[in-house]
Amino acid sequence: MTSATGNAVIRVRDLEKAYDIGDETVYALHGVSLEVRRGEFVAIMGASGSGKSTLMNIIGCLDRPTGGSYELDGVDVSSMSDDELSEVRNHKLGFVFQNYNLLPRMRAVDQVMVPLFYSGDPAATRQERAIESLRRVGLGDRLWHRPTEMSGGQQQRVAIARALVTNPSVLLADEPTGNLDSRVTEEILALLQESNEQLGVTILMITHEADVAECATRIVQIDDGKVIADRQVTDRRRAHHQVITADHDVVPVPADAASGQPTVSPA
288 MTSATGNAVI
298 RVRDLEKAYD
308 IGDETVYALH
318 GVSLEVRRGE
328 FVAIMGASGS
338 GKSTLMNIIG
348 CLDRPTGGSY
358 ELDGVDVSSM
368 SDDELSEVRN
378 HKLGFVFQNY
388 NLLPRMRAVD
398 QVMVPLFYSG
408 DPAATRQERA
418 IESLRRVGLG
428 DRLWHRPTEM
438 SGGQQQRVAI
448 ARALVTNPSV
458 LLADEPTGNL
468 DSRVTEEILA
478 LLQESNEQLG
488 VTILMITHEA
498 DVAECATRIV
508 QIDDGKVIAD
518 RQVTDRRRAH
528 HQVITADHDV
538 VPVPADAASG
548 QPTVSPA
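One gets the working numbering by counting positions in the sequence shown from 1 and adding 287 to each.
It is worth saying that the hints were derived from the structure and are not from the lab. These numbers come from a predicted model, not from an experiment. Mixed in with the good hints, there may be bad ones.
Beta-carbon label-pair distances, calculated as ranges [as the list claims (entries may be wrong)]:
1) 435 <-> 469: 37 to 47 Å
2) 511 <-> 371: 49 to 59 Å
3) 301 <-> 385: 25 to 35 Å
4) 320 <-> 497: 22 to 32 Å
5) 368 <-> 439: 32 to 42 Å
6) 519 <-> 368: 10 to 20 Å
7) 312 <-> 469: 38 to 48 Å
8) 301 <-> 377: 26 to 36 Å
The beta-carbon is built from N, C-alpha and C at its ideal position, and this holds for glycine as well.
Construct the complete structure from the given sequences, taking the supplied hints into account.
Okay, here's the thing in structure tokens:
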């Protein structure tokens, strides 16, 4: 395990996740210990059923361990209540999923505003933050588009903008390129690398693909619920892409969006 003493944003100790199936106890995770330093880009790699998604769900406060401890930003979240875990997810974590998880009738800017609903900011401020986040991922000209009007790569950029808009301590990306072709995969990986390097975002990325994992700064390999390898990437692969800039022309705000309130199409 790589040391992260004094600078660990994630600290997992002897983590276990067990399920009782009849008279048998099955371990999805068994004695996992892991530290992630602030600003790292860590790929969690393993085959289907290895336990990597279970680990991600626990780190993302979407599931609870049956043993061991988990600290996020120095706070033990292992025994938090559901309400407390919800607060952690809202303020400390950003999520990017393989299937984008966008609301089908909501425009891009409104999708990105969703995590800001409980920020206490005025609606206009929330909209400004959402627009800035979308411009940062190169979607200044897609602010008012709905998912059906965007490509898969554009939808995943919306998801990344949504994940980053709250300035989370950690961005959790679960197979973020799983539904994308090779060209768009490179664009999304490049965007994650830029977010890590330019914004200092700590990233944990689940993948089963070695070439995707090599874009990280560190690779942790899981098999049968245990960490079997943990190494720094000495020759990091740079994702190939056309440079993404944040200065795209911004499409004028439609009349029904001027209030800063999210808008959906009628069913």
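Do the beta carbons of residue 368 and residue 439 sit within 32 to 42 Å of each other? 37 Å, holds
Does the beta carbon distance between residue 312 and residue 469 stay inside 38 to 48 Å, or does it fall outside? 41 Å, holds
Supplied distance hint 10 to 20 Å, evaluated on CB atoms of residue 519 and residue 368: Once the Cβ atoms are compared, 37 Å apart, the range 10 to 20 Å for residue 368 and residue 519 is violated.
Please test the hint of 22 to 32 Å on the beta carbon pair from residue 320 and residue 497. Holds - the Cβ-Cβ distance for residue 320 and residue 497, about 23 Å, lies within 22 to 32 Å.
Looking only at beta-carbon atoms, does the pair residue 435, residue 469 fall within the given range of 37 to 47 Å? Violated, at about 24 Å.
Between residue 301 and residue 385, does the beta-carbon spacing fit 25 to 35 Å? Holds: the Cβ-Cβ distance is about 29 Å, inside 25 to 35 Å.
Residue 371 and residue 511 - C-beta distance against the hinted 49 to 59 Å: 31 Å, violated
Verdict for residue 301, residue 377 (Cβ pair) under range 26 to 36 Å: Check passed, 28 Å falls within 26 to 36 Å.
Hint violations for this structure: numbers 1, 2, 6, all remaining hints satisfied.
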